[in-house]
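A.B. asks: Protein sequence lines correspond, in order, to chains A and B.
637 is the number that the numbering used here gives to position 637 of the first sequence; each next residue is one higher, with no gaps.
467 is the number that the numbering used here gives to position 467 of the second sequence; each next residue is one higher, with no gaps.
Please keep in mind that the hints were generated in silico from the structure rather than gathered at the bench.
Any given hint might turn out to be false.
Listed next, the in silico EDC-like pairs over lysine to aspartate or glutamate satisfying Cα-Cα at most 20 Å (straight line) [said to hold, decoys possible]:
no., chain 1, residue 1, chain 2, residue 2
1, A, K282, B, D134
2, A, K514, B, E297
3, A, K662, B, D726
4, B, K662, B, D716
5, B, K282, A, E666
Number of protein chains: 2
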Amino acid sequence: MKIGTKLATLFAATSALALGAGGAWSAESLQDVMKRRGLNEQDVLAATKTYTPSGKRDEFIAFSSGGQSGQVIVYGVPSMRILKYIGVFTPEPWQGYGYDEESKKVLAEGSKVDGREVLFGDTHHPAISETNGDYDGQYLFINDKNTPRIAVIDLKDFETKQIVQNPVISSDHGGAFVTPNTDYIIEASQYPAPLGHAFAPLEQFNEKYRGAITYWHFNREKGRIEPDKSFTIETPPYSQDLSDFGKLDSDGWSFTNSFCSERYVGGIESGRPPFEAGCSAKDTDYLHVVNWKKAEELFKAGKTKMVNGMAVIPLDVAAREGVMFLIPEPKSPHGVDVTPNGKYVIVSGKLDTHVTVYDFAKIQATIKAGKFTGKDEYGLPILDLKDTIHTQVEVGLGPLHTQYDSKPCVAYTSLYVDSMVAKWNYCEGKVLDKVSIQYNVGHLMTMEGDTQHPKGGYLVALNKLAIDRFNPVGPLHPQNHQLIDIGGDKMQMLYDMPLPLGEPHYVVAISADKLKPSVRYPFGWNSREDEKSAFAVRPGSERVDRKPGKVEVFGTAIRSHFTPEIVEVTEGDEVTFHMTNLERAEDETHGFAVSRHNVNLSLEPGKTSSVTFKANKAGVYPYYCTEFCSALHLEMEGYLIVRPANYKGAEGAGKAGTSYSKADYETRVKTNVETQKVIDGVVAYITSVNYKDFPTATGLFEDAADQLGRAKEAKDKSESFAAKQDWNNAMLWAEQWFQYQVKAADIGLRTKTFLEQNGAKKVQ
Amino acid sequence: MKIGTKLATLFAATSALALGAGGAWSAESLQDVMKRRGLNEQDVLAATKTYTPSGKRDEFIAFSSGGQSGQVIVYGVPSMRILKYIGVFTPEPWQGYGYDEESKKVLAEGSKVDGREVLFGDTHHPAISETNGDYDGQYLFINDKNTPRIAVIDLKDFETKQIVQNPVISSDHGGAFVTPNTDYIIEASQYPAPLGHAFAPLEQFNEKYRGAITYWHFNREKGRIEPDKSFTIETPPYSQDLSDFGKLDSDGWSFTNSFCSERYVGGIESGRPPFEAGCSAKDTDYLHVVNWKKAEELFKAGKTKMVNGMAVIPLDVAAREGVMFLIPEPKSPHGVDVTPNGKYVIVSGKLDTHVTVYDFAKIQATIKAGKFTGKDEYGLPILDLKDTIHTQVEVGLGPLHTQYDSKPCVAYTSLYVDSMVAKWNYCEGKVLDKVSIQYNVGHLMTMEGDTQHPKGGYLVALNKLAIDRFNPVGPLHPQNHQLIDIGGDKMQMLYDMPLPLGEPHYVVAISADKLKPSVRYPFGWNSREDEKSAFAVRPGSERVDRKPGKVEVFGTAIRSHFTPEIVEVTEGDEVTFHMTNLERAEDETHGFAVSRHNVNLSLEPGKTSSVTFKANKAGVYPYYCTEFCSALHLEMEGYLIVRPANYKGAEGAGKAGTSYSKADYETRVKTNVETQKVIDGVVAYITSVNYKDFPTATGLFEDAADQLGRAKEAKDKSESFAAKQDWNNAMLWAEQWFQYQVKAADIGLRTKTFLEQNGAKKVQ
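Excised from the complex, chain A in its bound form (with noise of 0.2 Å):
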């Protein structure tokens, strides 16, 4: 506490806010830090920007894709701390995805393509569900790109619940993203190819190969996509990149645009200049501009086809019956991005220096005036450009994606060659400021920034390379999202944020108040059906099955024991587990392993998760919870005895190595009335204050009393079996008596010195 005053003198004398009681530091200790870490002013700034205390929390929450890893990753903002990542398309043991049988179901939903099986995704597009155009919180979709699939993941728990394959496409890259309700989610082919995954040679590539626009049915109440209530439109093989719905005045309509306008199909090795050559060869390439309403209309009319299960309408059709135009927009775009009111559309063409604004208004009179520059070589009929846009801006080099502020008319655009971003306003097309970022920047972020209302206050850069910008760990770098302040008029870089796995492609921010996830299941829950599980079973009720060849377990886990703690089967058993986590209290989450064997559950409190594997050695097989959950932790485990297919012994637990007397009884009972006393003290300080004022306490306590009613139970056994004066079981119990004590001491504690610092008041 010799720490001065000097800083805290300074503060208070040049500003009339009531500082916290913080004290006693001295202005050499702010300075001091500042030179030994190097930091100017504007840095400390940036810091009390970005900094977020114990205990505090973040103002939105982001969903970023995973890229390759297959997952998605949450963090906050402003503090840029990741809060965890979500398995999707790819196992993830921590979680137990891919690891029970509930979550092997779900993965498998996706994985299983053609006889192969694909455990990992390209998750590319994140999307919130949205109510009238705004985001609700209550579902996250994200496609894959490398095996055309959606993903639904509930905000209840953050887990993925369904996946859903692409039966027509080979590659997508335009989703997901959602109509204004919800009703449907956007999946946008990428690479062309024969529809419905069929083979033709490439020498038929214009006649035999498309693209293709999945709009997926998503079914609120049950929170899943329903493919017979999905179609799909066909598109010429432009190579379509990304997609977006209209809203408000654009709201039936859809956008997506595409880079190989070309068709053009490389082949380096005999000769022919690449890809990236002939797909950039043209000025233009074609925006998609689709009436989903109208297809909804052919589709629910029967006016389809099918192919390989899902329903197509065909190119012709769509031509014909106004389902779809194009519009030119400069070569090679990577983003199509429709404004919050809904009149604009905004296109980024990557080789061209210009942002383009189509003005919906403009395009609707155009249709309507049936004035068309012609025809495609599918009949698609095309706008002429000049008819159809507000205005071009030239932003700068390599313009790729736009997202919006919650000032009208004020947007950010991503300049890849430049590695900078450009706040400017389709307003009026005029650049208002730039800012450079590190490096080469893709997706941008703004809070809210795709919906009716955005949110204003931070943007994120979701930067493709970091080169030097961190710690070196070898050739293979973190990615760097960089959180930047647009609260002023002047963009402020607040923030480099290493992502430590995967290449996110996309990122969605929602204000946090609008999440409300639970923090437990249900009793007995099978989260990834959202119901009831079938195999729980309550304290008392635990069993195991036994038929020939199959042994099943119906076990649960608690602070600090599993029932049962030995399981006995014999070699070539098909065994099951089914755990069932006891717990109410928050973040009590058990794990459950087995030696040597692929298996590992996360069981969150109230969840029941299964496990099938086949017992193929004989062996002894330690199984053991893997979160570290109590003091007692690492004493919660047991035993799989496996025993060989003609073993004749003895079945039951060993003997014990140690056996207990009278005294080592009554030491360890007095110890326990000790230790009561204490626990009496800190249940009396609790309920002496206005802890029901606190749910987090409220919470707390009501575990602590659960753990306490437990010690009754061991100390009613203990004292039972000293009454028939077997004192190694009256000691053994009245351990476990004890033990319950220090799991109530510990929460007690826990709960005490939460109403200290959070300001409990005693009650009368």
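Dock chain B against chain A, hints included.
C.D. replies: Just chain B now, with coordinates in the frame of chain A:
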């Protein structure tokens, strides 16, 4: 720039420091931010201590176990930013780990277990290689508790190079820790089982179940563990826990504690008290004191028995030859930590309130004097606790692990039940300070805190529960690593860091300047074998080898195309792609994924990776680069054409959908000539300043020059086709010429910006 200068004045007035030019923001601004974000002065100071501006580096690099994720986590201190997840025991597609043949081979060393495939690990304790008792930054080792294994990670490239399975034990915990010169890596068992993965019924627990401690020999020159030069010592079935090696005075000895010397076997399902009661019933367990130098002599003298291929020193030999001694330790300990000077061994019994400081000299004297209180049932001599301790210090409830400061005699011990960290003096035996953490801390980490020369400065508390600390993300919570400033007399909490994936158990941190990872591989490198790949090809030598039923592609990747771009095979073929990344530029990683196949390679600069799969179904499978590597990244694509088995059609590329005229060619060339002028201007700037004084700029500029060289090649091709009036090819190669110009401009501009921002000066 309207923001005022009040605060700047403020800072200037109170400090003689030359603060950065930052300049333009007001006192109101900092105050406003503090008010808006609810920060007090202490928060600002803490922020200043951890915030690391763009491009600045961390002082220390931490390597954390990833728990059940099976990975290792790398993060920076004090910024607490996660830099990388390294795939170790679990496949991870972003890194291609478990997806390319080279890494599959490493993973398979560990994952093939008795005919089962174990594709996760429960990583616990990482250890950095040491030279003379200090970290040397060359290798990292980590153990898997679930399937006893040790992995070797090379810190040149942060890749896993080797996994060795332990053939003797069935679970481990007491690893990895290294001898002062990394001759051996220790791996001690946890849950007792018959050695050699054999079967024995639980009735024979005392007779046939055992623990064991394996000393793996590490060959520093090869960078690999040598199993045939490694040995194991059998131990009683006491549920061994953690281990540590002696150093300086105690070099040649190792220490392993235990938590169930009761040898209790649970069975709650049969009415027996659970493991947690029986394993914590006695007041003491046993610290195992091992003379491993002596054991090494016995091993070399052949005084071992072979157990499942591993040389094991039997218990009776260990007892007879003075290899192992037991000392009582307070019950259920969970940490054994040798002090930096090697004189003391500190053990915490987690159900005791004390830490126990053993004096190695006293242990030696007692052994030498043959002063034993008796022997255990297995013949091991037992020393008296009182004869061997220096002191016991009451630190609080649930003490677990101890780490060391750079200040003499200062240690930090985690208190699980109290949710605190105690700072204390182990020489004088007194508590100096305590700080609350959130919540329930397991291990602690100080900087190089388990070496002979801890660096001080920071401490990280590895908390097992986060509960309410972060924005909620569903029932499964992140863990919470809290950064604590230990530079002063009082500990100051600085930062809460959520762990988004996995449950870390232990972390080690090394001074960043000791790590010298490479940023690229030598050309055509097999990174897992650390040798030139037999499958690398130089540009221009790419080829496809065909044998009946087999197609082998020797390809390359470079911004922005693969060679070859089209590969045609027949249904049923076994297809192999060997891909070499031709890039030299830092961070220019390419990916290689094949649509709807389980194929994803991560090709860092210089690397050659291979993948083999069955083309089991006729179809069209685009392949593409999964890392956004350049503006034309999306065009970095190709087609794997799988023809039906009986297909008779023609091979070869398709007809292009677009053709070009002389006018197209001339327009293109005009743009290219203009582009070249821009590039020349950038080059003129770069060469006018002292760019050679900046390695980063020099590297970038060399890369830009490479791209210009390729542009020249494409220009020559273009002009040669133009001379033949083949305008189509002339145009396409002119476009390719432009593409290389774009890449050169991109890098050139980045170089220019770097030089401008880093104070490059004009040269004469």
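A.B. asks: Does each hint hold? Answer for all of them.
C.D. replies: Hints, one by one, checked against the model:
1. A:K282 - B:D134: Violated, at about 61 Å.
2. A:K514 - B:E297: Distance ~66 Å between K514 (chain A) and E297 (chain B) Cα, so the pair is violated.
3. A:K662 - B:D726: Roughly 103 Å between the alpha carbons, so the hint for K662 (chain A) and D726 (chain B) is violated.
4. B:K662 - B:D716: With Cα atoms ~17 Å apart, K662 (chain B) and D716 (chain B) stay inside 20 Å; holds.
5. B:K282 - A:E666: holds, 13 Å
Violated hints, in rising order: 1, 2, 3; the structure is consistent with all others.
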